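Top to bottom, those sequences are chains E and B.
For the first sequence, the numbering used here begins at 1 and goes up steadily by one.
For the second sequence, the numbering used here begins at 1 and goes up steadily by one.
Mixed in with the good hints there might be a few duds.
[As the list claims (entries may be wrong)] Derived Cβ-Cβ restraints for the label pairs, each shown as a range:
{"hint": "1", "chain 1": "E", "residue 1": "213", "chain 2": "B", "residue 2": "15", "range": "27 to 37 Å"}
{"hint": "2", "chain 1": "E", "residue 1": "27", "chain 2": "B", "residue 2": "216", "range": "46 to 56 Å"}
{"hint": "3", "chain 1": "B", "residue 1": "13", "chain 2": "E", "residue 2": "314", "range": "15 to 25 Å"}
{"hint": "4", "chain 1": "E", "residue 1": "314", "chain 2": "B", "residue 2": "123", "range": "27 to 37 Å"}
{"hint": "5", "chain 1": "B", "residue 1": "13", "chain 2": "E", "residue 2": "288", "range": "50 to 60 Å"}
{"hint": "6", "chain 1": "E", "residue 1": "19", "chain 2": "B", "residue 2": "27", "range": "51 to 61 Å"}
{"hint": "7", "chain 1": "B", "residue 1": "15", "chain 2": "E", "residue 2": "307", "range": "30 to 40 Å"}
{"hint": "8", "chain 1": "E", "residue 1": "27", "chain 2": "B", "residue 2": "112", "range": "15 to 25 Å"}
Read the hints as simulated data drawn from the structure, not as lab findings.
Since we're looking at a predicted model, the values are computed, not measured.
Using N, Cα and C, we set each Cβ at its ideal position, and we do this for glycine too.
Chain residues, written in single-letter form:
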Amino acid sequence: MVRKSPYTTGFLTYLIGHIQALKISLSQLKKSSLSTFITCMVIGISLALPVGMMVLLKNVRVATAGLKNTNQISIYLKTDISDKQRNDLLTLLNKDQSIHKTTYVSPEEGLKAFQDPLGLDKELLADLKENPLPGVVVVEPEPSLKDFLQINQLATRLKELPQVDQVQIDMAWLQRLNAILILIHRFIFAIMLLFALGVLLIISHTIQLITENYRDEIMIIKLLGASNSFIKRPFLYSGLLYGLIGGFIGWFLIFLIIGFLRGPIEQLALLYNSDFQLQGLNLHLSLLLLAFGGLLGYLGSWLSVCRHIKAIEP
Amino acid sequence: MIHFYKISKRYPKGQQALSNISFELKVGEMAFLTGHSGSGKSTLLKLIAFLERPTGGEIIVHGKNLNRLKKKHIPSLRRQIGLIFQNPNLLPHRTIFDNVALPLNIAGFRLRETGGRVRAALSKVGLLEKEKCYPDMLSCGEQQRVGIARAIVAKPPIILADEPTGNLDPALSREIMKLFSEFNQAGVTLLVASHDIALIESLPFRILTLKQGQLVHDTGARDHG
Ligand SMILES: Nc1ncnc2c1ncn2[C@@H]1O[C@H](COP(=O)(O)OP(=O)(O)O)[C@@H](O)[C@H]1O
Ligand SMILES: [Mg+2]
Numbered sequence: 001m002v003r004k005s006p007y008t009t010g011f012l013t014y015l016i017g018h019i020q021a022l023k024i025s026l027s028q029l030k031k032s033s034l035s036t037f038i039t040c041m042v043i044g045i046s047l048a049l050p051v052g053m054m055v056l057l058k059n060v061r062v063a064t065a066g067l068k069n070t071n072q073i074s075i076y077l078k079t080d081i082s083d084k085q086r087n088d089l090l091t092l093l094n095k096d097q098s099i100h101k102t103t104y105v106s107p108e109e110g111l112k113a114f115q116d117p118l119g120l121d122k123e124l125l126a127d128l129k130e131n132p133l134p135g136v137v138v139v140e141p142e143p144s145l146k147d148f149l150q151i152n153q154l155a156t157r158l159k160e161l162p163q164v165d166q167v168q169i170d171m172a173w174l175q176r177l178n179a180i181l182i183l184i185h186r187f188i189f190a191i192m193l194l195f196a197l198g199v200l201l202i203i204s205h206t207i208q209l210i211t212e213n214y215r216d217e218i219m220i221i222k223l224l225g226a227s228n229s230f231i232k233r234p235f236l237y238s239g240l241l242y243g244l245i246g247g248f249i250g251w252f253l254i255f256l257i258i259g260f261l262r263g264p265i266e267q268l269a270l271l272y273n274s275d276f277q278l279q280g281l282n283l284h285l286s287l288l289l290l291a292f293g294g295l296l297g298y299l300g301s302w303l304s305v306c307r308h309i310k311a312i313e314p
Numbered sequence: 001m002i003h004f005y006k007i008s009k010r011y012p013k014g015q016q017a018l019s020n021i022s023f024e025l026k027v028g029e030m031a032f033l034t035g036h037s038g039s040g041k042s043t044l045l046k047l048i049a050f051l052e053r054p055t056g057g058e059i060i061v062h063g064k065n066l067n068r069l070k071k072k073h074i075p076s077l078r079r080q081i082g083l084i085f086q087n088p089n090l091l092p093h094r095t096i097f098d099n100v101a102l103p104l105n106i107a108g109f110r111l112r113e114t115g116g117r118v119r120a121a122l123s124k125v126g127l128l129e130k131e132k133c134y135p136d137m138l139s140c141g142e143q144q145r146v147g148i149a150r151a152i153v154a155k156p157p158i159i160l161a162d163e164p165t166g167n168l169d170p171a172l173s174r175e176i177m178k179l180f181s182e183f184n185q186a187g188v189t190l191l192v193a194s195h196d197i198a199l200i201e202s203l204p205f206r207i208l209t210l211k212q213g214q215l216v217h218d219t220g221a222r223d224h225g
């Protein structure tokens, strides 16, 4: 008769060991429920802040995505060129494939445009013996040139022309906005890293406190021949649970904030004739947030447990 | 099974706890370790379970030289040994059942197997009805017996006991010693520290006597009966 081994094998041992570890970890968290709650809250807030800012930034992106870009290049001509040289330039520009439209503004028109909106005194201007303004060609690039870099290349090329004195890109406000958004995005990312580091430290500190509370137990279990990984397991689960619960709290806080902002923002959008709707966290991002919390929790407890359980030797 | 070769042990801040101890315990042999308090009994048992390291000499347990034991192999050595401590070292937040089940959990026993084995071990020490209690609800003697149940539950090939009957009355002490001799008959190697000379001399087992860290007397194997 073949006796059945009393030992579980492979995967089943693994599973049973983990279920037991999870049970122990749950009882650890339950035993100190207030401090567990506070820790999870801190983790939740630390995750909600940067992720919430990301969500708002994404909404700004969506809101501004529909706006049209209005790039222009102003070419200031040299004052000593002849009319023929000027006309040659205009023909050349109109043939250029990167240019959509050109408008010539003569020095006289320029002066008038300058004068009108400012309401400058006619006499003051009459004092000027010569018109100081150069001729200007306003160039609208092809709409296919969206990139700032491409526009910049065009401008550099235009500047090489003999008739041209100076070239100025009227960088549209949208482009400036985009540059600012990229800056803010970076900033939020940096903040997110800092907060993630904070979460890591909170969890590793909390787990350290728990291992200290269980110092005697860890010692006894070591005496009975438990391997380090067996001892670590419940603590790793505790860290993971802290992270997951914290991630969920973070998600819930963002959900509340978005709900709080939705009304006023949609009203504002209505004033701008826009049907913009505030977007919250979609399923993908929600899961990502949870996973991020869990990962930080696991890492944090791993960092602390590896150091402390080794130090407890019978 | 357990081989001491010229073992000495000096604690970092203490005096010499053991000096030049040599003896061999064969597979399936049972022996008592006796001597006055402070003679080095606990130290000798701790060396076997790798709870302390010798300052000189070699120990071979289950064919393994402890001086050359790698750190990662310490847990598996300890699982070969059922340790019964002078102070029972139970986990205060777990029931008696869970305490006794610990070595089985550590070794990865089947869940179905666990319940039966734990109850068998508890009934051997006469505490089956206490399985749902917590350690602080039990008397010292009862806690000591739970410690014994925990040491035998995984059926290790070696059992080391440090004054296991220190907190028990004479009748119960005799009962526990009888239990040990039953394990011995089942092939387990046992080394039991005790200063209850009257009790151990009435039993037919080898007696090692320590005095100030030296092995002063070894009866060798005594006749059964
Ligand atoms: N952890 C320790 N540190 C320093 N000295 C110790 C330690 N444990 C025991 N000793 C000393 O070693 C000697 C033997 O002690 P021990 O092995 O506990 O004897 P026994 O168990 O026979 O009473 C004693 O002198 C004791 O003071
Ligand atoms: Mg002692």
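Okay, residue 13 of chain B versus residue 288 of chain E on CB: inside 50 to 60 Å? 55 Å, holds
So the hint says 15 to 25 Å: do the beta-carbon atoms of residue 27 of chain E and residue 112 of chain B match that? 23 Å, holds
With 27 to 37 Å as the target window, see if residue 314 of chain E and residue 123 of chain B comply at their CB atoms. Holds - the Cβ-Cβ distance for residue 314 of chain E and residue 123 of chain B, about 29 Å, lies within 27 to 37 Å.
Is 51 to 61 Å right for how far apart the beta carbons of residue 19 of chain E and residue 27 of chain B are? The hinted range 51 to 61 Å is violated for residue 19 of chain E and residue 27 of chain B, with Cβ atoms some 37 Å apart.
Does the Cβ distance between residue 15 of chain B and residue 307 of chain E fall inside 30 to 40 Å? Holds - the Cβ-Cβ distance for residue 15 of chain B and residue 307 of chain E, about 34 Å, lies within 30 to 40 Å.
Taking the Cβ atom of residue 213 of chain E and the Cβ atom of residue 15 of chain B, is their distance within the range 27 to 37 Å? 35 Å, holds
So does residue 13 of chain B sit 15 to 25 Å from residue 314 of chain E, Cβ to Cβ? 18 Å, holds
Does the Cβ-Cβ separation between residue 27 of chain E and residue 216 of chain B fall within 46 to 56 Å? 50 Å, holds
Going through the hint list in order, the structure does not satisfy hint 6, though it satisfies all others.
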